[in-house]
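Those protein sequence lines, which keep their order, are chains A and B.
Residue 48 is where the first sequence starts when you use the numbering used here, and the numbers rise one by one after that.
Residue 19 is where the second sequence starts when you use the numbering used here, and the numbers rise one by one after that.
Worth flagging that the hints you see were computed from the coordinates, not collected in a lab.
Given the structure is predicted, the values throughout are model-derived calculations rather than measurements.
One thing to keep in mind: the hints can contain errors.
[Stated by the list, open to error] With beta-carbon atoms standing in for the labels, derived distance ranges: (1) B:253 <-> A:297: 20 to 26 Å; (2) B:219 <-> A:286: 56 to 62 Å; (3) B:204 <-> A:250: 28 to 34 Å; (4) B:246 <-> A:310: 26 to 32 Å; (5) A:79 <-> B:64: 23 to 29 Å; (6) B:316 <-> A:200: 51 to 57 Å.
Glycine included, each C-beta is placed from N, C-alpha and C at the ideal position.
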Amino acid sequence: MRIVVPIKQVPETAAVRMDEATGTMIREGVEAIINPLDLYAIELAIRLREGSGGEVVAISMGPPKAMTALREAIAMGVDRAVLISDKAFAGCDTWATSYVLAAAMGKLGGADLILCGERATDGDTGQVGPGIASFLDLPVASYVSKVDSVSGNTLVLHRLIEEGYEVLEVDLPAVLTVVKEVADPRLPTLRGKQKARAADVPTWTLKDLGLDPKKVGLEGSPTRVVKIFRPQVARHCRKVQALDDAAIGAAADELVAFLKEKQLL
Amino acid sequence: MGHSGVWVLAEQFDGHVQRISYELLTRGLDLAAKRKAKLMAVLFGERFDEGELQELIDRGADEVLAVAAPELAHFLVEPYGRCLLELIRKNQPQIIIAGATSTGRTLMPYVAIRANAGLTADCTVLDIEPETGNLLQTRPAIGGNIMATIKTPNHRPQMATVRPRSTKPAPVQAGRQGKITRWQPPKELLGSRIRRRQFIANTEKHGLAEADTVVTVGRGIKKAENLKIVTPLVAALDAALGATRDVVDRGWLSYPHQVGLSGKTVSPKLYVALGVSGSIQHLAGMQSSETIVAVNSDPDAQIFKVADFGIVGSLFDVVPAVVKKLEEAKG
Chain A
48 MRIVVPIKQV PETAAVRMDE ATGTMIREGV EAIINPLDLY AIELAIRLRE GSGGEVVAIS
108 MGPPKAMTAL REAIAMGVDR AVLISDKAFA GCDTWATSYV LAAAMGKLGG ADLILCGERA
168 TDGDTGQVGP GIASFLDLPV ASYVSKVDSV SGNTLVLHRL IEEGYEVLEV DLPAVLTVVK
228 EVADPRLPTL RGKQKARAAD VPTWTLKDLG LDPKKVGLEG SPTRVVKIFR PQVARHCRKV
288 QALDDAAIGA AADELVAFLK EKQLL
Chain B
19 MGHSGVWVLA EQFDGHVQRI SYELLTRGLD LAAKRKAKLM AVLFGERFDE GELQELIDRG
79 ADEVLAVAAP ELAHFLVEPY GRCLLELIRK NQPQIIIAGA TSTGRTLMPY VAIRANAGLT
139 ADCTVLDIEP ETGNLLQTRP AIGGNIMATI KTPNHRPQMA TVRPRSTKPA PVQAGRQGKI
199 TRWQPPKELL GSRIRRRQFI ANTEKHGLAE ADTVVTVGRG IKKAENLKIV TPLVAALDAA
259 LGATRDVVDR GWLSYPHQVG LSGKTVSPKL YVALGVSGSI QHLAGMQSSE TIVAVNSDPD
319 AQIFKVADFG IVGSLFDVVP AVVKKLEEAK G
């Protein structure tokens, strides 16, 4: 079984700063990490390989430095990795990104299973997993919280929805997007790190993938960012101290009055 | 181009129309009025309650398109996707909005690719650009650190998913007239390589996403046994119980309770944070709540920066006192 995990390198969210003039992220001085939600997909992929054999391939579309994220994935236990990188890809929205990643699946010789994180912590869209499935005409199960069994060409899994869990039977090949509950990601091992350093990670460009330049980058992206702004923090916190018995009672009274005034009771 | 209607993708669960559908009608009414367009609610399912179809009209739809087949009883991406694509091809809507729910966030990207359409995720503000008539889609990104406004200038339909609870449900207006259209899709659209075998319902009365009130515990709760201190408050406020990542990682509550970047995004009317420090990871999942109350013993905790009302004190003292006052207030 070939399992492909598309991952994204993202800025450590806690450290993000914005250039308000250009509406872009200031990436300098911010640590770049594997999208934390992709780690669950990597972990599940490695576990499924441990169970049923085969190989796990990580791919990432991004600037050359996304190579670091791919080597980290190898250090965790991924067998090999491919970087998808070309200046022409800059400005791709989720439509164009899905198009490029779907093409990369084709060049890899196809996948039995494509495992994605639920969404990336920078873009927050969660649209690329279903997008890849749509381009490749594969079924997609999103918000997968558990893989119960793999037998032949069928997976049985749990999908987390608002009202509970669906138990689904999915024919392979398929795309899954996974939530945190699916597995605890392992840490890279020393041996893994050595392997990652030595690994040959090829870079595939627009030309390597045989893609139509009109369908990538800004030109290939239906959406346009018109404006970026900081959310207004309009809240003003009414803070009361409750450090002794009298103050605790008074604070509780004041809170209940506040909730009544806001018609929340 | 002749693209006409504004569509909202209504949702049903177990055959019953869900609240998100009415929130989408609130959005749709505004957009349709600004575009002088017809507002249509599209609903997929096995069978429908006629009263509930009429209610979609009473709450603002000019037309309800009820798409019925046994294969559509529950959300499955392939049959839902093919049917929606067929409807788009036949009717050429200018705008389609859906809930940013487990259904909407799966179906919409699947369909947008094949419809060659632009799609914006998890919007909290929708508007029409007066000069061009384009849909302006505003959404939080990068963990809520920024807001981005996005448009789709040259592709139709313009598609967006909308954050649940980011607006009020459209009210019922008695005597509204509208049309109910029914469509039984042909079998060739209904095949699925995914089969739903079973459903395991939440044991809690309501999930985080639908709750009007959420009470969340953070590391300040100290251990799982202490959760019983907050149970009466959760009951008194008829709330859903949330947890920070710390609490879930320690195994005190299960993952479906987790609010934040790697858990759920919620925007209830009232959010009560107990012993929650307010990491960026957590704030990303709750700062769009209408009213935020925080209890924390650290007066400098970040959570107070996004709170409307804060109590500096131990949750072990404050929570029982508040429960007592709530009971007195209820009489």
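(request) Determine whether the Cβ-Cβ distance between residue 204 of chain B and residue 250 of chain A falls within the hinted range of 28 to 34 Å. (result) violated, 46 Å
(request) May I ask you to test the hint 26 to 32 Å on the CB atoms belonging to residue 246 of chain B and residue 310 of chain A? (result) Hint holds: Cβ distance 29 Å, inside 26 to 32 Å.
(request) Evaluate the given range 23 to 29 Å for the C-beta pair formed by residue 79 of chain A and residue 64 of chain B. (result) Since residue 79 of chain A and residue 64 of chain B have Cβ atoms about 47 Å apart, the given range 23 to 29 Å is violated.
(request) Take a look at whether the Cβ-Cβ distance between residue 253 of chain B and residue 297 of chain A falls inside 20 to 26 Å. (result) holds, 24 Å
(request) Hint says 56 to 62 Å; check whether the CB-CB distance for residue 219 of chain B and residue 286 of chain A agrees. (result) violated, 40 Å
(request) With 51 to 57 Å as the target window, see if residue 316 of chain B and residue 200 of chain A comply at their CB atoms. (result) holds, 54 Å
When each numbered hint is compared with the structure, violations occur for hints 2, 3, 5.
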